[in-house]
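Colleague: In order, the protein sequences belong to chains P and G.
According to this note's numbering, the first sequence is numbered sequentially starting from 1.
According to this note's numbering, the second sequence is numbered sequentially starting from 1.
There could be a bad hint or two in this list.
In this list, chains with the same sequence are indistinguishable; a pair is considered to hold if it fits within one copy or across any two.
[Said to hold, decoys possible] Calculated cross-link-like contacts (lysine to any residue; reagent style SDA-like; alpha-carbon spacing at most 20 Å): (1) K195 <-> C282; (2) K396 <-> N355; (3) K57 <-> A38; (4) K22 <-> F3; (5) K163 <-> R8; (6) K22 <-> T259; (7) K77 <-> K188; (8) K163 <-> E2; (9) K22 <-> A307; (10) K396 <-> P39; (11) K45 <-> T56; (12) K90 <-> S366; (13) K22 <-> V67; (14) K292 <-> N114; (15) K196 <-> E2; (16) K196 <-> M1.
Keep in mind the hints are simulated off the structure, nothing from the lab.
Number of protein chains: 2
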Amino acid sequence: MEFEISNRMSTLRGSAIREIFKYAADPEVISLAGGNPAPELFPAKELAEIANEMLTKQPVLSLQYGVTEGYVPLREKVKERLKITENIGKENDDVLILSGGQQGLDLSTKLLVNEGDTVIVEEPSFIGALNAFRAYGAHLAGVPMDNDGMNIEALERVIAENKNVKVIYTIPTFQNPMGTTMSLEKRKALYEVAKKNHIIIIEDNPYGELTFDGTKTPTIKSMDDEGIVIYCGSFSKILAPGLRLGFMCADKAITAKATIAKQVTDVHTPMITQLMAYEFLCRHNIDDLILKMRANYAHKCATMLDAMEKYFPKGVEYTRPGGGLFIWCDLGNGIDTLALSKKAIEKKVVYVPGNTFMIDMDKPCSALRLNYSTMSDERIIEGIKRLGEIFTEAIK
Amino acid sequence: MEFEISNRMSTLRGSAIREIFKYAADPEVISLAGGNPAPELFPAKELAEIANEMLTKQPVLSLQYGVTEGYVPLREKVKERLKITENIGKENDDVLILSGGQQGLDLSTKLLVNEGDTVIVEEPSFIGALNAFRAYGAHLAGVPMDNDGMNIEALERVIAENKNVKVIYTIPTFQNPMGTTMSLEKRKALYEVAKKNHIIIIEDNPYGELTFDGTKTPTIKSMDDEGIVIYCGSFSKILAPGLRLGFMCADKAITAKATIAKQVTDVHTPMITQLMAYEFLCRHNIDDLILKMRANYAHKCATMLDAMEKYFPKGVEYTRPGGGLFIWCDLGNGIDTLALSKKAIEKKVVYVPGNTFMIDMDKPCSALRLNYSTMSDERIIEGIKRLGEIFTEAIK
Chain P
1 MEFEISNRMS
11 TLRGSAIREI
21 FKYAADPEVI
31 SLAGGNPAPE
41 LFPAKELAEI
51 ANEMLTKQPV
61 LSLQYGVTEG
71 YVPLREKVKE
81 RLKITENIGK
91 ENDDVLILSG
101 GQQGLDLSTK
111 LLVNEGDTVI
121 VEEPSFIGAL
131 NAFRAYGAHL
141 AGVPMDNDGM
151 NIEALERVIA
161 ENKNVKVIYT
171 IPTFQNPMGT
181 TMSLEKRKAL
191 YEVAKKNHII
201 IIEDNPYGEL
211 TFDGTKTPTI
221 KSMDDEGIVI
231 YCGSFSKILA
241 PGLRLGFMCA
251 DKAITAKATI
261 AKQVTDVHTP
271 MITQLMAYEF
281 LCRHNIDDLI
291 LKMRANYAHK
301 CATMLDAMEK
311 YFPKGVEYTR
321 PGGGLFIWCD
331 LGNGIDTLAL
341 SKKAIEKKVV
351 YVPGNTFMID
361 MDKPCSALRL
371 NYSTMSDERI
381 IEGIKRLGEI
391 FTEAIK
Chain G
1 MEFEISNRMS
11 TLRGSAIREI
21 FKYAADPEVI
31 SLAGGNPAPE
41 LFPAKELAEI
51 ANEMLTKQPV
61 LSLQYGVTEG
71 YVPLREKVKE
81 RLKITENIGK
91 ENDDVLILSG
101 GQQGLDLSTK
111 LLVNEGDTVI
121 VEEPSFIGAL
131 NAFRAYGAHL
141 AGVPMDNDGM
151 NIEALERVIA
161 ENKNVKVIYT
171 IPTFQNPMGT
181 TMSLEKRKAL
191 YEVAKKNHII
201 IIEDNPYGEL
211 TFDGTKTPTI
221 KSMDDEGIVI
231 YCGSFSKILA
241 PGLRLGFMCA
251 DKAITAKATI
261 AKQVTDVHTP
271 MITQLMAYEF
281 LCRHNIDDLI
291 LKMRANYAHK
301 CATMLDAMEK
311 YFPKGVEYTR
321 PGGGLFIWCD
331 LGNGIDTLAL
341 SKKAIEKKVV
351 YVPGNTFMID
361 MDKPCSALRL
371 NYSTMSDERI
381 IEGIKRLGEI
391 FTEAIK
């Protein structure tokens, strides 16, 4: 039988990115496309011990239904850590444990955004977020990015020009896909603009801990005296993404409703993954692990930037991230990086074309996203070399 | 700041059930309210061994990002098992691994139901399903239940009377909350009615394996030549609910779109829980475990029915389930079981008042749901005895 898809889901389509990731699964292919953390840093041995012990000694806690808000000791631990690492946590804030950071975007939209309401996003932005908003029929309005984050004048213009603006979505630190970080001045300005216009900010910060030199810009949530910021965090990039474990910190008025939204969505996050994260935080020093990740990614990022300097044609512009997983690269010259990706695939290299991160994905885009966290140094250099040949040929 | 909640979520409210479950957490309280499987049957030792081994020997598989559709060997195993145990699986069917059975309801609604569209439900029905539909702004229309399932004439009338009916939701086997099973004739009739009217059926079957005497009525999905049935299954009642692991079997046209819906919701289900289920199915005989569960629940159900026979006032009607976890009990006499639950709480017994399972929760209801899977025999008998006193007093 033919069936009719809902309006909200008909705005989504199977993305070109899925096709690209199919090629990326081929071990011969050099994938600069994904956002996978370096697997050699997963604390697998420690997590194996914990899982074994919990299931053996606490079988009912590990396997019976849990509460929707999350395992209470883990919620407390996350609260403590947010206070220390990000100065987050006002009196009225609460923490919910989520089934990955993506769920924070899904539940926030479910809770706040009617069909046709406007969600303001950085452009370019994380495709998973754009699609989470699209899947509730949100109208997306983009704000162009400067190298130090959203253009605030453009933001004010977009707010004025759009009806029912409910949410501003930002990844202020080591942005996906750009790798850039919003300045403190802009964070303050963004907060003031949102407050003045009664708009909720979703601050998505999966990469904040991955600062190469330890420098941190204060989170927007740390300034949140009004309870207007929903802070979404994740264990994916500091522990392991396959656990699908994230959290939300927001005003209690929001977390109380988000709990109901979560209950009807997946009841609660699995107990064993919550226990693995909680016990890991208790028994081991996660900051040591994070230091290793920072060093690893800083090195790989430098390797990629050096190779880009050597092999990419002159005039190609790219960001120089202070952390995170991605470099954004603009070839200019009216080049369509989606069309060009086919040539890269022929040479067994994949990247994500820039149009993927735009509201209008049909418009050709001369930029692309490169990831440095997944491949070895040798493969990063070889991949950039091959791309350099393709780009030189295309720009000629 | 005051914030405005979305229309879809404003139809949901923090339920009275949450209050009841707060009391149920008190170890002194006899809880006949929940739907928790018997924890003594969790195969914790086996799962501990598997988790330990997987994390140790397959750390990258266990901890890196996985694909949205689910771990391929687990999908194949579920397909195999569905064919054997339920005769499910036509050429065009596919299986997705989900983060619990609840997610099947969430994703199906996201995919198929526009705000204001009608979802037809059995009345009474599972509150988690009703709320999943409400959370997408669905209009709910109820069909009264006979002892052998939905009243089919009423179903046809409800279809005729409502606009944009997109989904019929049913728990045909050991229904929650009634414990009753839809007859084969009615299953066939329901399928024909849905087919004629171009309506998708969601067949929710979390309890089907828990048949006391081994008797099974064919699933509606097993008759599905047209690809109109979305079958939702779960590991919660046959392995452990804290794993939050379920699956959906549906026509490929539906699973392809549901995959996109899942990707924007939680990316994928955790790898370690999927691996635990897959390896358990490979290494151990889950049917042996299910046989133990059947015997355990059959015994506890009989214990509860015997106690009800002994202690409940004459004239009180209740179902006699052939499996599953619940007995539905109607006190009649214009009694409001929500109001009466306060007296039960005073005597440290909790049940779920029937109004919870209705579309209009504000209307007083003389029925209630009793669960027999969680408490010991002694506590079941003591709980029923105390309820008997309260009910006798109320009816007097």
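Colleague: The structure should be examined with respect to each hint, and the outcome stated for every one.
Modeller: Status of the hints after comparison with the structure:
Taking the closest pair of Cα atoms, K195 and C282 never come within 20 Å of each other, the shortest separation being 37 Å inside a single copy and 55 Å across copies. Proximity of K396 and N355 under a CA criterion of 20 Å is satisfied in neither setting, with 22 Å inside one chain copy and 73 Å between copies. In this homomeric assembly, K57 and A38 come within 20 Å of each other (Cα to Cα) only across copies, at 17 Å, whereas the closest approach inside a single copy is 31 Å. In this assembly of identical chains, K22 and F3 lie within 20 Å of each other by CA distance neither inside one copy nor across copies; the values are 28 Å within and 42 Å between.
For the identical chains of this complex, K163 and R8 are neighbours both inside a copy (19 Å) and across copies (19 Å), given an alpha-carbon limit of 20 Å. In this assembly of identical chains, the alpha carbons of K22 and T259 lie at most 20 Å apart only when taken from different copies (15 Å versus 35 Å within one copy). Taking the shortest Cα distances, K77 and K188 never come within 20 Å of each other, neither inside one copy (28 Å) nor across copies (53 Å). In this assembly of identical chains, the alpha carbons of K163 and E2 lie at most 20 Å apart only when taken from different copies (19 Å versus 35 Å within one copy).
In this assembly of identical chains, K22 and A307 lie within 20 Å of each other by CA distance neither inside one copy nor across copies; the values are 26 Å within and 59 Å between. Within a single copy, K396 and P39 get their C-alpha atoms no closer than 38 Å, and across copies no closer than 68 Å, so neither meets the 20 Å cut-off. In this assembly of identical chains, the alpha carbons of K45 and T56 lie at most 20 Å apart whether taken from the same copy (17 Å) or from different copies (6 Å). In this homomeric assembly, K90 and S366 never come within 20 Å of each other (Cα to Cα): the closest approach is 43 Å inside a single copy and 45 Å across copies.
In this assembly of identical chains, K22 and V67 lie within 20 Å of each other by CA distance solely across copies; the values are 11 Å between and 37 Å within a copy. In this homomeric assembly, K292 and N114 never come within 20 Å of each other (Cα to Cα): the closest approach is 43 Å inside a single copy and 48 Å across copies. For the homomeric pair K196 and E2, the shortest alpha-carbon distance between copies (13 Å) is at most 20 Å, but the shortest distance inside one copy (48 Å) is not. When the C-alpha separation of K196 and M1 is checked against a cutoff of 20 Å, the pair qualifies only between copies, where the shortest distance is 11 Å, while the shortest distance within a copy is 50 Å.
In terms of the numbered hints stated before, the structure departs from hints 1, 2, 4, 7, 9, 10, 12 and 14, listed from lowest to highest.
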